[in-house]
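So the sequence lines, in the order shown, correspond to chains A and B. For the first sequence, position 313 (counting from the first letter as 1) is numbered 313 according to the working numbering, and the numbering increases by one without interruption. For the second sequence, position 37 (counting from the first letter as 1) is numbered 37 according to the working numbering, and the numbering increases by one without interruption.
Just so you know, the hints here were simulated from the structure itself, not pulled from any lab data. Quick caveat, the model's predicted, so the values are computed rather than measured. All the pointers check out, no bait thrown in.
Straight-line C-alpha distance at most 35 Å; calculated DSBU-like pairs for lysine-lysine:
no.	chain 1	residue 1	chain 2	residue 2
1	B	K198	A	K117
2	B	K198	A	K74
3	B	K198	B	K271
4	B	K275	A	K131
So the chains spell out like this:
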Amino acid sequence: MAAVSLRDVRKSYTPELQVIHGVNMEIKDGEFVVILGPSGCGKSTLLRMVAGLETITAGEIAIGDRVVNRLEPKDRDIAMVFQNYALYPHMSVYDNMAYGLRIRGLSSSEISERVNKAAEILELGKFLDRKPRALSGGQRQRVAMGRAIVREPQVFLFDEPLSNLDAKLRVQMRGELQALHRRLGTTSLFVTHDQVEAMTLAQRMIVMNAGRAEQIGAPLEVYARPATTFVAGFIGSPPMNLIPKDGKLLGVRPEHLEPCAASDAMLTMDVDLIEPLGADIIVYGHEGKPGGDGSSARIAARLPADAKAQAGRLAVRYAPQNAHWFDPASGKRIDA
Amino acid sequence: MVENRPLLTLWSHAVLIVGIALVAFPLYITFVASTHTLEEILKVPMPLLPGPHLWENYSQVLASGTTRGATAPVGQMMINSLVMALVIPLGKMAISVISAFAIVYFRFPLRNFFFWMIFVTLMLPVEVRIIPTFKVIADLGMLNSYAGLTIPLIASATATFLFRQFFMTIPDELAEAARVDGASPMRFFMDVLLPLSKTTMAALFVIQFIYGWNQYLWPLLITTDESMYTSVIGIKRMIVGGDALTEWHLVMATAILAMLPPALVVMLMQKWFVKGLVETEK
Chain A
1 MAAVSLRDVR KSYTPELQVI HGVNMEIKDG EFVVILGPSG CGKSTLLRMV
51 AGLETITAGE IAIGDRVVNR LEPKDRDIAM VFQNYALYPH MSVYDNMAYG
101 LRIRGLSSSE ISERVNKAAE ILELGKFLDR KPRALSGGQR QRVAMGRAIV
151 REPQVFLFDE PLSNLDAKLR VQMRGELQAL HRRLGTTSLF VTHDQVEAMT
201 LAQRMIVMNA GRAEQIGAPL EVYARPATTF VAGFIGSPPM NLIPKDGKLL
251 GVRPEHLEPC AASDAMLTMD VDLIEPLGAD IIVYGHEGKP GGDGSSARIA
301 ARLPADAKAQ AGRLAVRYAP QNAHWFDPAS GKRIDA
Chain B
1 MVENRPLLTL WSHAVLIVGI ALVAFPLYIT FVASTHTLEE ILKVPMPLLP
51 GPHLWENYSQ VLASGTTRGA TAPVGQMMIN SLVMALVIPL GKMAISVISA
101 FAIVYFRFPL RNFFFWMIFV TLMLPVEVRI IPTFKVIADL GMLNSYAGLT
151 IPLIASATAT FLFRQFFMTI PDELAEAARV DGASPMRFFM DVLLPLSKTT
201 MAALFVIQFI YGWNQYLWPL LITTDESMYT SVIGIKRMIV GGDALTEWHL
251 VMATAILAML PPALVVMLMQ KWFVKGLVET EK
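Only chain A is shown next, with the shape it has when bound in the complex (with noise of 0.2 Å):
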């Protein structure tokens, strides 16, 4: 296990095409991070030039003590787990975990205690002899894991990989996955769009946008701290309403509005779209000024499930501490 710097990496395709713009992260060894963001934002590009599938234009990666930057991914002691698996068709699932380990010239003995032993963290030990096609997507996914775990790498990547599986098998696989991080302590690098799977698997979490790293934090405390409009609006579900207020854009998490009288409306809500959820009810609307215009912001306001939701007005207010305050120009956050 080793921990992993990114200092100001930087790729380009050409000299105007730059999809990332200088990222630095130490990460910590045994540490999972999760690489957060929309598609398009390099947070794929990011991990595959720490894998060496990628070449770095300019900055450095360093994997424990050694830059890797010249390095082909078999030297870089890594695994990596693909979004569609990329288990080698022909093989059998153990053929397939097996397969790097001939590579490196283990005796067959070692070979198949690691894959029996990998096989069994999986529960895999049926499925040995079968081909990837005779599998189910889950069970093709532990492959894939497996093929990664055998290895016993410094580093896990994985590329998106829980994406091409159903949403239940997604929350087992992410239970799984934790198990598996507290089971081997192994530092890895998480790439997902999925804002939930960022925020239950991450200590901690590199929110991308357009190739820039926008915040770099514990799940929690990007949540409660956003630091920039991007992540305001990119983490939470439905995300943090931003409303410009004196010059300034305040912004208020949806469970941070309360219904009120309306001699104490802090905001007021024109309500126009009501989503009851069964253990809430999201409410949306547009901010209604007195004498307003109709072109102001879409706020969301999630109410207890028992509140009378309709359309129409709806007073609501939210506690001070929980206004947070942006730069409208910059995105940035202002601290007061």
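For chain A, the structure is supplied; the task is to place chain B on it using the hints.
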């Protein structure tokens, strides 16, 4: 379409049966003719039921050939045909699978240019380039040799193109996974690409075996020595001048013999052949 119209069913069956008869009848006549003596065939009308001379005719052509026209034993011709029909597909595959690998998986200068160069040769079948090719082969002293029979037909773009298309359907992640696993490019080629190409290769083999076996113009040009005749050329050379001079019963026996191997290859490899053309194991 599923329709319950008995008349239509009857009609379509009738059409199919007539179609089969049209194809099968000449083959049947060929077989019948190969079991009679020459005199019986030349009678009008010729017999339509198999005669008693099957073994005699076939063993004569196989061991010693006809007495007029080409006089080499057909057994030798079959071997020549077999060499051609095996060397051409195997040589083609060996060359094209490697060149397709290079074109799909490596970035080198002028890669696309080379691909299009290969592709353009698709437009130049043997017949078009036959005179320059003949000149080259003659100057190299390869007339009347297996090398001369096979090498000019090995170079072709069809197989390269087929393998390229197949390789492009293999997800990039598979190559990347192999890279992360530490496989060198050649190792990836041997351990992953070749096993995955098995069905494509089988389909290609069937097509090219028949292509090689049925070659007519090229062996006709470059073989003058009877011992290098292929079976197809043998048939042509056995037919001499007037009807009465040709030993039709032996020609027909040779024709049946020449038809068997391709039919056999298709039948034996049918499963693989269809698999290779329609589905890929990915």
